[in-house]
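Asker: What follows is the residue order along each chain.
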Amino acid sequence: MSRRVMTAVFDREELVLGALRALRAPSGDAGSAPRRPGGPYTIRDVYAPYMVHGLEKAAGLAPSRLGWVCGVAGLLGAAGMLWFETWVSAADWPINVGGKPFASLPAFVPPAFEAGVLVAGLTVVVALLAVSRLWPGRRPRLVHPRVTDDRFVVVIEETDAAFDPEEARRLLDACGAVEIEERVDELGAGR
Amino acid sequence: MYDAALTPRGDRGASGSTWVPEPERPPESGEPRDETIRRPLIAGDKTPGQVTDDVARPMAGRPTALWWMAFFASGGVMTTGVVAVAYQIATGIGTWGLNKTVGWAFDITNFVFWVGIGHAGTLISAVLFLLRQRWRTSVNRSAEAMTLIAVLCAALFPLIHMGRPWLAFWVVPYPNPRGSLWVNFRSPLLWDVFAISTYFTLSAVFWYIGLVPDLATLRDRAADRARGLRKKLLGFFSLGWDGSLRTWNRYEKVYLLLAGLATPLVLSVHSIVSFDFATSILPGWHTTIFPPYFVAGAIFSGMAMVLTLMLIARKTMRLEDYITLRHVDAMTKLVLLTSSIVGLAYGTELFIAAWSDNPFEQFTFANRLFGPLGWGYWIMVACNVLIPQLFWFRRLRRNLPLVFAVSILINVGMWFERFVIIVASLERDFLPSSWASYRPTSIELATLAGTFGLFFTAFLVFCRVLPVIAMAEVKGVLSYGRRAGAAADSGVAPETAREPAEPDTVPFPTPETVPTAVAAGGSSFEEVQT
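These protein sequences, in sequence, are chains A and B.
Be aware that the first sequence starts at 1, since it is given in the numbering used here, and climbs by one per residue.
Be aware that the second sequence starts at 192, since it is given in the numbering used here, and climbs by one per residue.
Isolated chain A, as found in the complex:
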């Protein structure tokens, strides 16, 4: 499936921030035509060489939910380790060490804490790579050759019937884009 997109290249972080806000501004005045959430343009994605504070909000991205993955994994890791320590020391082969109780809970806390941290950290990184579809050796499809160096690229979908390339071009130009081009999307549709 090929879709037409318009790409605008920016060279300064504040210009791309301004452009995103302009693109996503609600259409029409407060009292006139019905507002369309997200503004008149559909932003497919933004490509950035480094993270600019506020860029994700300007592009309308929801906060990541990976924190939940991390928290749940950490709790499971710690609980699993605590269970394992108790099973090993009190059930499978209890050994009397210096007269201490077999289930010495306070002594089991440090390894359980470490296991929780380890599982939480590794899980959240694996989850990041999975949801972002990154893996070792993946061939990147770069939207612009300098996008990992010093260029920002905004990709707008041209699916809308109301999309007017000339207006979009003029708007992006006013926002300070250094290159604007229309192309057939070959960049990960449906990401």
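Take the hints with a grain of salt, since some may be wrong.
Here are some, though not all, of the chain A residues that point toward chain B, as calculated from beta-carbon distances under 7 Å [stated by the list, open to error]:
{"no.": "1", "residue": "Leu66"}
{"no.": "2", "residue": "Glu85"}
{"no.": "3", "residue": "Val124"}
{"no.": "4", "residue": "Gly137"}
{"no.": "5", "residue": "Pro140"}
{"no.": "6", "residue": "Leu142"}
{"no.": "7", "residue": "Asp150"}
{"no.": "8", "residue": "Glu181"}
The set of hints was computed from the structure by calculation and includes no laboratory data.
Just so it is clear, CB atoms sit at the ideal spot from N, CA and C, and this is done for glycine as well.
Could you slot chain B onto chain A? The hints should help.
Answerer: Coordinates of chain B only, in the frame set by chain A:
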């Protein structure tokens, strides 16, 4: 609304924990003034493209003669260590100077010393990230590399101490044909296994995740620079990073989470190392102050080691614009703070011992101060508490040769701290007839030297093959394009400057003017809306 959202990254709560602009002072060399927002972290008014060039350039060419000299010197020292380790494993750890009374000495001292060195890397990469100290971006990559190498050096010592290192996997609880005979989860030495291995793993993951965008930057430069194996490796390890904002959004979250995990982790690691001593019942070791005391000492010694490495890297890799006097100044302040905490801990230890009314406790500390190893105690106090007080003075904080010398003295002092705690507490035990002293053998000295060789060799290799500066993070603190006319005034040579494509045709807007200009009447924006 725009103002709030357009402040530079990491600027939330600017009045609180972030860098507070210093009062009016004459500009110093290498630090241009900037009244518009705040003083820049990176000197030289770099563009993001220049950052890429500056960081990638030292990796592209051949190593300098200085690099080769340092590499061969540290490699030679490392080889000495390899020979010593091979000899003591073949012969047995009877090659050490231990005796019945002093059963723990050099090996565990070096272990604690190296683990402590590693802690500053995590402090810089995680704790200062959470505290929004944006100056960390210049030093975090190499400090994290230092952490990894230091933890590797540390792990070597318990491994050798096992005597039969090929059975090291016995420390892992796994179902085995001996019962299963499990490990003893009540032992602090086993806690160490979990703490150190978790610490190493997560530090490595944190470091690698931070590297991915930079590897992608190098990979995409690879078209004109890297070839062959290097190109393949960059392509493999950069994970197909394409700079998508969706990925960046999640990435920032994960980075924050990892920093949040690493912070309690680093505190737990040296706490657990201190449990090796504190959970025993030996006077001088059996104290509740040990966990915070060890953590503060670890960060203190690590910051000193970071300073040592940074001052070398700054000069040899020509990173003066990235590691400025301001970075050195901030690090010396942290050294001063942790030095004072360590000094407080020394005093508290003595006070509690005197107050305890326990003659064994009192004897141990009197012996530590005035016994056979008293000279080690006073070296420790001089290097760790007295000399760092020089950093109260701004002029001395910015005197680089002095800072370098002090950073080395601190590492000497912190090594002696561990040696004194361990050996001086053991050498005079409860039975005077069994009192003994300890002297390291040449094998032990060569092993310690060998880990220094390993440390510097690995660091030199790191400097050659990976970006020493976290490019994607430094670009975020450049405030590039936020200071009107900064690029035009920078005076950088045209061949190095990678100016924006059309600097003259693009009106240079300020944060206030961008949205208003677009939204103002007559612009295309209104026409689009209708």
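Asker: Confirm or reject each hint.
Answerer: Here is what the structure says about each hint:
| no. | hint | verdict |
| --- | --- | --- |
| 1 | Leu66 | 5 Å, holds |
| 2 | Glu85 | 5 Å, holds |
| 3 | Val124 | 5 Å, holds |
| 4 | Gly137 | 5 Å, holds |
| 5 | Pro140 | 4 Å, holds |
| 6 | Leu142 | 6 Å, holds |
| 7 | Asp150 | 4 Å, holds |
| 8 | Glu181 | 14 Å, violated |
In the structure shown, a violation is registered for the earlier hint numbered 8 alone.
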